[in-house]
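Asks: Please model the complete structure; the sequences and the hints are all you need to start from.
If you're matching them up, the sequences are chains A and B in order.
Residue numbers for the first sequence follow the working numbering, beginning at 1 and rising by one.
Residue numbers for the second sequence follow the working numbering, beginning at 1001 and rising by one.
These are calculated hints, taken from the structure and not from any lab test.
Fair warning: there could be bad hints in the mix.
Derived DSSO-like pairs (lysine-lysine); straight-line CA-CA distance at most 30 Å [said to hold, decoys possible]:
1) K1299/B to K81/A
2) K1110/B to K88/A
3) K175/A to K1110/B
4) K1299/B to K88/A
Given the structure is predicted, the values throughout are model-derived calculations rather than measurements.
One letter stands for each residue in the lines below.
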Amino acid sequence: MSAQFLQFLFSGITVGAIYALVGVGFSVIYNSSNVINFAQGEFVMIGGMATVFLSAAGVPLPLAIILAVLAAVIIGYLVEKLAIEPAKGSSVVNLIIITIGVSIFLRGLAQVVFDRNFHSLKAFSGTEPIQIAGASITTQSLWVIGGLVIATLVLGWFFNRTLTGKAMLATSYNKDAAKLVGINTGRILQLSFMIAAFLGAVSGILIAPIALTYANVGVMLGLKGFCAAMVGGLGNPMAAIAGGLLVGVAEALTAGYLSSAYKDAVAFIIILLVLFFMPSGLFGRKEVDKV
Amino acid sequence: MNNFLQARRAGLLMLALSMAVLPLLMVNSFHYDIAIMIGINAIVCVGLNLLIGYAGQVSLGHAGFFALGAYASTILTDSYGWPSIVAMLAGALLVGVLSFIVARPILRLKGHYLAMGTLGMGIIISIILNQEVDLTGGPDGMPVPSFVIFGWEPYGNQVWYWIVAIALFISVVVALNIVESPIGRALRSLHGSELAAGTMGVDTLRFKVLIFVVSAVMASLAGSLFAHYSGFLTPTEGDFFRSIEFVTMVVLGGMASTFGAVIGAAILTILPQILAAFHDYEMMMHGLVLMGIMIFMRKGLVPTISGWLRRKPS
Chain A
1 MSAQFLQFLF SGITVGAIYA LVGVGFSVIY NSSNVINFAQ GEFVMIGGMA
51 TVFLSAAGVP LPLAIILAVL AAVIIGYLVE KLAIEPAKGS SVVNLIIITI
101 GVSIFLRGLA QVVFDRNFHS LKAFSGTEPI QIAGASITTQ SLWVIGGLVI
151 ATLVLGWFFN RTLTGKAMLA TSYNKDAAKL VGINTGRILQ LSFMIAAFLG
201 AVSGILIAPI ALTYANVGVM LGLKGFCAAM VGGLGNPMAA IAGGLLVGVA
251 EALTAGYLSS AYKDAVAFII ILLVLFFMPS GLFGRKEVDK V
Chain B
1001 MNNFLQARRA GLLMLALSMA VLPLLMVNSF HYDIAIMIGI NAIVCVGLNL
1051 LIGYAGQVSL GHAGFFALGA YASTILTDSY GWPSIVAMLA GALLVGVLSF
1101 IVARPILRLK GHYLAMGTLG MGIIISIILN QEVDLTGGPD GMPVPSFVIF
1151 GWEPYGNQVW YWIVAIALFI SVVVALNIVE SPIGRALRSL HGSELAAGTM
1201 GVDTLRFKVL IFVVSAVMAS LAGSLFAHYS GFLTPTEGDF FRSIEFVTMV
1251 VLGGMASTFG AVIGAAILTI LPQILAAFHD YEMMMHGLVL MGIMIFMRKG
1301 LVPTISGWLR RKPS
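Replies: Below is the structure:
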């Protein structure tokens, strides 16, 4: 394996990990509500921006991170409570427009509360890269990848071992049946927005030292996270992780070997190819219309 | 049926009347500018409403077709010296062929997958327009030569108002005719239940493809008009948010209501002018208005209001 290829692979996995975390957020919300949350990228932005501004105000970084994540989770709860819950039973198009309304609102809010400039966060543990087989990887990339691994393990434990996690899975399989056995599906929906906000904010904080963060940073990240969730098959969080890594690596390889101008198009070309040839995603179940 | 024809004639009369009366109320060219933009957006929405409102198929990528029409007109007249009308028709043909090719695989998808497919298509078009700097001028945009119809060069907003008004009127008539034709009935049947429509012998995919192409071509023609009217074109006309704007206009006006699409376009074109008064808070207000409308008027304005009128006959 050439050093150059390895280099591209490292950067692809790093950015892919971010897409994966955002994609998992999409999947978790979709599972409990069939809503595609187009404001998912804004949680990423809130995490990054809040951390940047808090640490600039003199708050120590670990505390700034905790506060930023907390803020995102509270906003996630409010979004569900104030925008999604009142729209219960709306059509797919209406819900799409509502979440896009949320996205526009949050970006407008960020421009007022923070500002319209680009910001960068200091790397968590120095800027000295580590050399592996001729390629170098920054310590921040390791933070990002480590974040994804921990999130995967925690989610796996949560969905398989805890009562709440199992209730979420049950809700995603069959909402009515879940209600019948006493699961409060409304609470599950709120929880799913908070989990998605948590994952988004964490990924926004982890990526902030690598990429710049700004009020509109979430737009493209959110759409690519959506691609990640869909490449794997909507509603399967683990498949979203695979989808995110796939999109990230393909993007990095395209930028490296083909054309950096069309890097942003890669995710969408992949998703179109997958949809055309495997309409339920790579690992998705086939949906059948019931009459 | 008779009732229906009457309602339709009344609607067309109302539209023609309001378009004729509007110039009496407009005092400066800024007013005309907004009216023209309403007309251009409305043409796209009338077409998009056939797809979303009647056939029940979402598209989050129609701004891509709008921008392709606009750029085709611009590039063919500017770099190749084609006559404006020929360039406009060539753009429409190009968009027609392109939308026909992508329609089959895309329209097999349903719900969120369809949304993702059309969104992806629109974003790819937008990225190409941004990156092919030699052809499109990239993000900085490019100037558009003026419109020439058989040697006549329309000048000024008042003339453009009438061009756009006539184009909109024709679009509405065409859309109403499609809705009333067997095609329209087939579309409504597949909106109700695609499976049932298929079982009854409706070739659902064929009709969906047909209406997708029609709506794309209407967006392309509107895009060409826009390019020549504005005189300068940037890729933001084809981005994701423009696509969302068109869809929101259709949903706001009311699904499956051709006149609703026009009203939705009018409201959302005027809205940013009103919200501009909020300066820094403009974006927040915009987001709130979108949420509010979708939560409190789920069916859109025209169906909601006509529902009220029916309940309380005065």
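Asks: For K1110/B and K88/A, compute the direct alpha-carbon distance and say whether it is at most 30 Å.
Replies: holds, 21 Å
Asks: Is it true that the CA of K1299/B sits at most 30 Å from the CA of K88/A?
Replies: Cα-Cα ~14 Å, so holds.
Asks: Is K175/A close enough to K1110/B, meaning Cα to Cα at most 30 Å?
Replies: Status holds; Cα separation ~21 Å.
Asks: K1299/B and K81/A were given as a pair; does the straight-line alpha-carbon distance stay at or below 30 Å?
Replies: holds, 22 Å
Comparing the model with each numbered hint stated earlier shows that all of them hold.
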